[in-house]
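S.K.: As you go down the protein sequences, you meet chains A and B in turn.
Counted from 1, the first sequence has number 1609 at position 316 by this note's numbering; the numbering is strictly sequential.
Counted from 1, the second sequence has number 770 at position 262 by this note's numbering; the numbering is strictly sequential.
It is worth saying that the hints were derived from the structure and are not from the lab.
Treat the hints with care, since some could be wrong.
Quick list of the computed label-pair ranges, beta carbon to beta carbon [claimed, not checked]:
hint, chain 1, residue 1, chain 2, residue 2, range
1, A, 1418, B, 528, 48 to 58 Å
2, B, 640, A, 1380, 45 to 55 Å
3, A, 1523, B, 641, 54 to 64 Å
4, B, 531, A, 1680, 11 to 21 Å
5, A, 1526, B, 521, 33 to 43 Å
6, A, 1359, B, 679, 53 to 63 Å
7, A, 1396, B, 641, 26 to 36 Å
8, A, 1352, B, 679, 43 to 53 Å
Glycine included, every Cβ here is placed at the ideal spot set by N, Cα and C.
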Amino acid sequence: MSHHQTVYLDNNATSQTAPEVVAAMLPFFGELYGNPSSMHTFGGQVKAHIDVARQRVADLLGCGPEEIIFTSCGTESDNTAIMAALRSFPQKRHVVTTRVEHPAVLNFCQDLARRGHEVTFLPVDRQGNLDLNQVEDAIRDDTALVSVMWANNETGVIFPVERIAQMAKAKGAVFHTDAVQAAGKVPIALKDTQIDMLAISGHKLHTPKGVGILYVKKGTPFVPYVMGGHQEHGRRAGTENVPYIVGLGKACELARERMVDENTRVKGLRDRLEEGLLQVEATMVNGDPSRRLPNTSSVSFEYVEGESILLMLSDLGICASSGSACTSGSLEPSHVLRAMGVPFTAAHGSIRFSLSYYSTDEEIDHVLGHMPAIIERLRNISPFWQKYRTTKACATPGYVEP
Amino acid sequence: MWEYTDKVKKYFTEPVNVGEVENPDGVGEVGSLACGDALKLTFKLDESGRIADARFQTFGCASAIASSSALTEMIKGMTLEQASKITNKDIAAFLGGLPPEKMHCSVMGEQALTAAIRNYQGLEPLPSEEGEVVCECFGVTDKEIEKVARNNNLHTVEEITNFTKAGGGCGKCVDKIEALLAKIWSMPAPTQAAPMAPPKKKMTNIQKIKLIEETLEREVRPALKADGGDIELIDIAGDVVQVSLRGTCSSCAASQATLSQFVQTKLREFVTPELVVEEVKP
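Could you put the whole structure together from the sequences, leaning on the hints where they help?
M.R.: Here's what the structure looks like:
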């Protein structure tokens, strides 16, 4: 094992904590330990810090602070949103979502389907895009909820959620979006949209793990998921996780300031990385290049397997992730790439690089300097590479039209 | 992140016997791109019928590559009869173990070896045509599941999935696997086919010593050396073989018992079942 510095390009999994965020949190691990609900000044002073944090979150999302609920993570926010919509409209038994959602939504909806709800899982095309006519047709009078992610965590493909929210509104359905990957990377102005609920995770925005947000538009019917005390205006019980809430407030403030950098410098790094990787023979980018997050790149190296690539990268200190079967914990490749109809040859060899504000030119050089040799080494072991090289087969086996 | 042994990592980062043997005597191909792993094994025999060279090409994860490379090391120098007795357990043991979810990589090695030997014998790649497909996602038959379940003493669907992948796709066949397991373990094992080997002749002492030396050289030393250790033959008295273990091996007390056991197993397998291995300090 070599001892390079860590080159962290796995920010869609979790991000480096921002020093400013950690600094803002520290007092609340120490002297400012009071309970914001207490009547005494010692506890009560903490509440002011939560109010500031709530305002900073609202500023990032373009909404009112009273529309923000702090939760423990993105998954809790997603689960809460879905449950709230279903409990608010118990007579409506239909849910619309997509086949490429994060497990926080997808697995919950699959469970709903097993428990008697009717769920429509919308397909995507080869580029990872939804067909909006198909979306509109899927929403019915008995649709309680439409849940469509803002941006995909594996490919970075952005869905037109503002349009879809209008379609849902027209049919009287609640619209929820998982914006965990989109927040801080695409401009969000919720007051101008028909989006009813939106979920965010702190640790994708450079806070430590353990805090999330659920936005609930004023006037949207809501039933709490976690019940108990009156915290968060009775919408999410449990004593406030003060240090993390304060940290998330700071993170949202930083995200607003850094959004331009994400969309210029970080995007430039991502594009340079991608162009370099595409120089390697038989590679392809997954996801519509014209509608993607600025920080995400899913690249497939055909005829090699993702876990092998990741281990070799890891030995060089490079952190990335893969949609291959061997890394997913299941035996099948990523549900997102399969839904897109990415050929098996490419799905198993897919690598996701996700950059952040902290990514540098040197890091991209490091990856580009080593990747061709890694791929060549693994391809020399692969039985399919020689076949491909000798026949130059254009038709990739296992290709399935979505 | 998977917990791989140092040996798995070594055989992954520095695989040996990569490629194809020229004009092979046996070729075994298993797996597919769709399944996420595939192995092509080729071997060539020498005049005495032993495997002179074996090479592999593998598409798959680190443990698939390591299992394949390990397999080629293991079978070199073996007769086909000896090689045909290698099971997935031997491959996993050679690597110091595999994570449970990765045991199917060792099974793939065993299947490729079977296929290559059958290819040499002029037979179909795998005797799977007798079986009925249980898992359609990964094309696994009831016969394959039964064989792996019996060889590895598997009783749960999860274990079957770890070893064969069956049930790891859409999950529709999970009930079928459960029923199959119930059936397998309520029945006695099918009677083994008559052994291919002719009964062993009584050896002279000289022959025995020579065979012990050869076996240590071929079967034992490479495996120990891969871990930075070595073995020395000290004396042979009747059926007692005295050896001294050196290097990394001798400093690792925990592995000592396993090591003597490993040496003894190999000597019993290739020389005579009566042998007892004793370790002496140099």
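S.K.: If a hint holds in the structure, say so; if it does not, say that too.
M.R.: How the hints compare with the structure:
1. Here the CB-CB span from residue 1418/A to residue 528/B is close to 40 Å, at odds with the stated 48 to 58 Å.
2. A C-beta distance of roughly 46 Å is found between residue 640/B and residue 1380/A, which places it inside the suggested range of 45 to 55 Å.
3. Taking the beta carbon of each, residue 1523/A and residue 641/B are about 58 Å apart, inside 54 to 64 Å as hinted.
4. Against the hinted window of 11 to 21 Å, the Cβ-Cβ separation of residue 531/B and residue 1680/A comes to about 19 Å, which satisfies the hint.
5. About 56 Å separates the C-beta atoms of residue 1526/A and residue 521/B, a value inconsistent with the hinted range of 33 to 43 Å.
6. For residue 1359/A and residue 679/B, the hinted distance range of 53 to 63 Å is not satisfied, since their beta carbons lie about 44 Å from each other.
7. Distance hint check for residue 1396/A and residue 641/B: the Cβ-Cβ separation is about 29 Å, which falls inside the suggested range of 26 to 36 Å.
8. Between residue 1352/A and residue 679/B the CB atoms are about 45 Å apart, so this pair conforms to the stated range of 43 to 53 Å.
Violated hints, in rising order: 1, 5 and 6; the structure is consistent with all others.
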